[in-house]
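Chains A and B, in that order, are what the protein sequence lines are.
Going by our numbering, the first sequence opens with residue 1, and the numbers climb by one from there.
Going by our numbering, the second sequence opens with residue 1, and the numbers climb by one from there.
Warning: the hint list may mix true and false statements.
Okay, the calculated bits of chain B under chain A, using three or more residues with CB under 8 Å as the criterion [as the list claims (entries may be wrong)]: (1) 3-11; (2) 29-36; (3) 49-60.
The calculated lysine to aspartate or glutamate pairs, modelled on EDC-like cross-linking and capped at a C-alpha distance of 20 Å, are [stated by the list, open to error]: (4) A:Lys202 <-> A:Glu319; (5) A:Lys173 <-> B:Asp47; (6) A:Lys53 <-> B:Glu9; (7) A:Lys53 <-> B:Asp47; (8) A:Lys173 <-> A:Asp227; (9) A:Lys437 <-> A:Asp227; (10) A:Lys437 <-> B:Asp47.
The set of hints was computed from the structure by calculation and includes no laboratory data.
No residue lacks a Cβ here, since even glycine has one placed at the ideal position from N, Cα and C.
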Amino acid sequence: MKPVVIVGAGPAGIRAARTLLDHGIRPCLIDENLRAGGQIYRRQPENFQRSAKQLYGFEAGKALAVHHTMDELARLIDYRPHTLVWNAEDGRLDLLDNGRAESIEYSRLIVATGATDRILPVTGWTLPGVYSLGAAQIALKYQGCAIGERVAFCGSGPLLYLVAYQYAQAGAKVVAVLDSAPFSAQCRALPALLRQPLTLAKGMYYRAWLSAHGIPVHQGATLRQIDGDQRVHGIRWGEQTLECDAVAFAHALRSETQLADLLGCEFAWSSLNRAWLPQRDSAGRSSVEAVYLAGDGAGIMGAEAAQMAGECAALALLEDAGSTVDQRRREALQKQLARIRGFRQGLETAFPFPEHWAAQAPDELMLCRCEEVSVGAVRAVVDEGHWEVNRVKAHCRVGMGRCQGRMCGLAVAEIVAERSGRRIDQVGRLRGQAPIKPLPFGVEVQP
Amino acid sequence: MALFKRLTETQRPALAFTLDGQPATGLLGDTLLTAVLTCAEHVRGSDFSAERRAGFCLMGACQDCWVRLGDGRRVRACSTLLEAGQAISRDPGRQP
Ligand SMILES: Cc1cc2nc3c(=O)[nH]c(=O)nc-3n(C[C@H](O)[C@H](O)[C@H](O)COP(=O)(O)OP(=O)(O)OC[C@H]3O[C@@H](n4cnc5c(N)ncnc54)[C@H](O)[C@@H]3O)c2cc1C
Ligand code: FES
Chain A
1 MKPVVIVGAG
11 PAGIRAARTL
21 LDHGIRPCLI
31 DENLRAGGQI
41 YRRQPENFQR
51 SAKQLYGFEA
61 GKALAVHHTM
71 DELARLIDYR
81 PHTLVWNAED
91 GRLDLLDNGR
101 AESIEYSRLI
111 VATGATDRIL
121 PVTGWTLPGV
131 YSLGAAQIAL
141 KYQGCAIGER
151 VAFCGSGPLL
161 YLVAYQYAQA
171 GAKVVAVLDS
181 APFSAQCRAL
191 PALLRQPLTL
201 AKGMYYRAWL
211 SAHGIPVHQG
221 ATLRQIDGDQ
231 RVHGIRWGEQ
241 TLECDAVAFA
251 HALRSETQLA
261 DLLGCEFAWS
271 SLNRAWLPQR
281 DSAGRSSVEA
291 VYLAGDGAGI
301 MGAEAAQMAG
311 ECAALALLED
321 AGSTVDQRRR
331 EALQKQLARI
341 RGFRQGLETA
351 FPFPEHWAAQ
361 APDELMLCRC
371 EEVSVGAVRA
381 VVDEGHWEVN
391 RVKAHCRVGM
401 GRCQGRMCGL
411 AVAEIVAERS
421 GRRIDQVGRL
431 RGQAPIKPLP
441 FGVEVQP
Chain B
1 MALFKRLTET
11 QRPALAFTLD
21 GQPATGLLGD
31 TLLTAVLTCA
41 EHVRGSDFSA
51 ERRAGFCLMG
61 ACQDCWVRLG
71 DGRRVRACST
81 LLEAGQAISR
91 DPGRQP
């Protein structure tokens, strides 16, 4: 019999696997990382010594619970770490496991592929020493390293204050935090944020802690340029400059949607996420039969929502497969998810998308770090009359490189929309292509 | 000079490797990226202008950290753990 497959062993995928197993289905759980946990509960290598408290702070209890569940599951299900799903179509996934390629057929599939940082490029962003906010956190959480001696944190979103706080706590020198959102936006967001007072309290705590420890926090400060020659020497914003040797920046997160795309899921514009997202019903069913979506990969909602969505999707799957499930449990989960969505709205108000970014981006700014395409080159294509992102890509190779537009795709759409005078939801969506990540040469294909 | 700074977890066993033929050391549990960037300032040259790059996302998304190993394999430095004796070479990239 073909197995039920889950892609992604983050909070969403792990909870989905647990739920399926509790109902008598032994799933196959696939994740590209060496160890399960996903982003927020990413585990350090086995020989590292730090405690959960040191690694996860307030989330230590939840992290330990997720790891414990996963350790149990690993013995009971078909868990495949270090395995990339690089293609997906109609009932079959193509995998790459440590240099070996193989295929797996599924009866039903839960896609829980999570998120990466949302990047709006800034002059100098390809210099050694410049990383995404998520990257800065991974260097510390997974490797015990800081990205430099004197680090500036820039952009917006909840990770901004969190990662700056984690660095300072770990003994790194944080030279400044530049939050592109004005303080007034955060005040406006308060009512919606208060729906999840605990999360709100944590965010306020990080910021207050930074200020109390003498770390300059600048609000309404937009990073304009990163200076350096072979590596970072400093940053500029407004009329100000500051010396530093590393920069971490991002504007919140973007969903990892390539697999849903290859599977043929219908997408719709989400103004809350400012992105095209695969459609799902309130239980997590996609538009494609037997394919379910859960977690940040179908819209950014955070770790707790990811777990609930993972359970919901598993329950919907079980029901569709003819099992009896606890309806009250499902309704309760859906109610909680709706509440978190309200909070998410508040976060978007507190950390608004910098809508002026595209208009202010200089022509020389390198937009696509893979193919090395500048903003000016994209504008020139738009000026020739093209306004659909896939057409623009075909003309100047922007977003065509090895990362498949994960880093620049959203920014390209912003530039195209601004230049062509269209709304951001009117310039189309960069389509995913297999392999969704580059395959090394000489991959052995198992018959 | 190094780009990354080790803050903690420094009591791990050392692993010897070579970087572009020069002897270097990392620690057990380092990714190739950590091993390289705690003793050097970049991991590769870019494809179209040989500009120095040092990775960007650390989560397997940006693909800006590929290096070559002595056995001919090309791997993502941020998602590959260092092994003793590895010969890591950095692609200089293409000059325009
Ligand atoms: C770098 C980073 C740091 C974060 N830190 C925090 C934090 O400290 N606190 C917080 O509240 N939130 C944090 N977040 C938000 C976080 O994304 C969510 O809170 C939560 O991790 C979402 O859970 P998830 O299960 O949906 O996805 P994730 O936890 O992202 O898990 C998705 C998993 O899918 C795997 N995957 C994806 N595509 C494939 C594929 N094609 N083949 C195989 N495997 C695949 C990935 O390897 C990953 O393990 C962070 C996000 C990022 C990107
Ligand atoms: S640093 Fe981005 S893929 Fe390795």
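Quick rundown of the hints versus the structure:
1. For the region 3-11 of chain B, the assignment as covered by chain A holds, since 9 residues bring a beta-carbon within under 8 Å of that chain's beta-carbons and 3 suffice.
2. Taking a C-beta to C-beta cut-off of 8 Å, the region 29-36 of chain B contributes 4 residues in contact with chain A, enough for the three needed, and the coverage statement holds.
3. Check on the region 49-60 of chain B: 11 of its residues sit with their Cβ under 8 Å from a Cβ of chain A, so the three-residue criterion for coverage holds.
4. This hinted pair does not check out: Lys202 of chain A and Glu319 of chain A have alpha carbons roughly 37 Å apart, beyond 20 Å.
5. Between Lys173 of chain A and Asp47 of chain B the CA atoms are separated by roughly 33 Å; this puts the pair beyond 20 Å, and the hint is violated.
6. Between Lys53 of chain A and Glu9 of chain B the alpha-carbon distance is near 15 Å, which keeps this suggested pair within the 20 Å criterion.
7. Restraint check: the Cα-Cα separation between Lys53 of chain A and Asp47 of chain B comes to about 41 Å, which exceeds 20 Å; the hinted pair is violated.
8. As the CA atoms of Lys173 of chain A and Asp227 of chain A are separated by approximately 19 Å, the hinted pair is consistent with the 20 Å bound.
9. With a CA separation close to 31 Å, the supplied pair Lys437 of chain A and Asp227 of chain A exceeds the 20 Å bound.
10. In summary, the hint linking Lys437 of chain A to Asp47 of chain B is supported, as the alpha carbons are separated by about 17 Å, within the 20 Å threshold.
The earlier numbered hints that this structure contradicts are 4, 5, 7 and 9.
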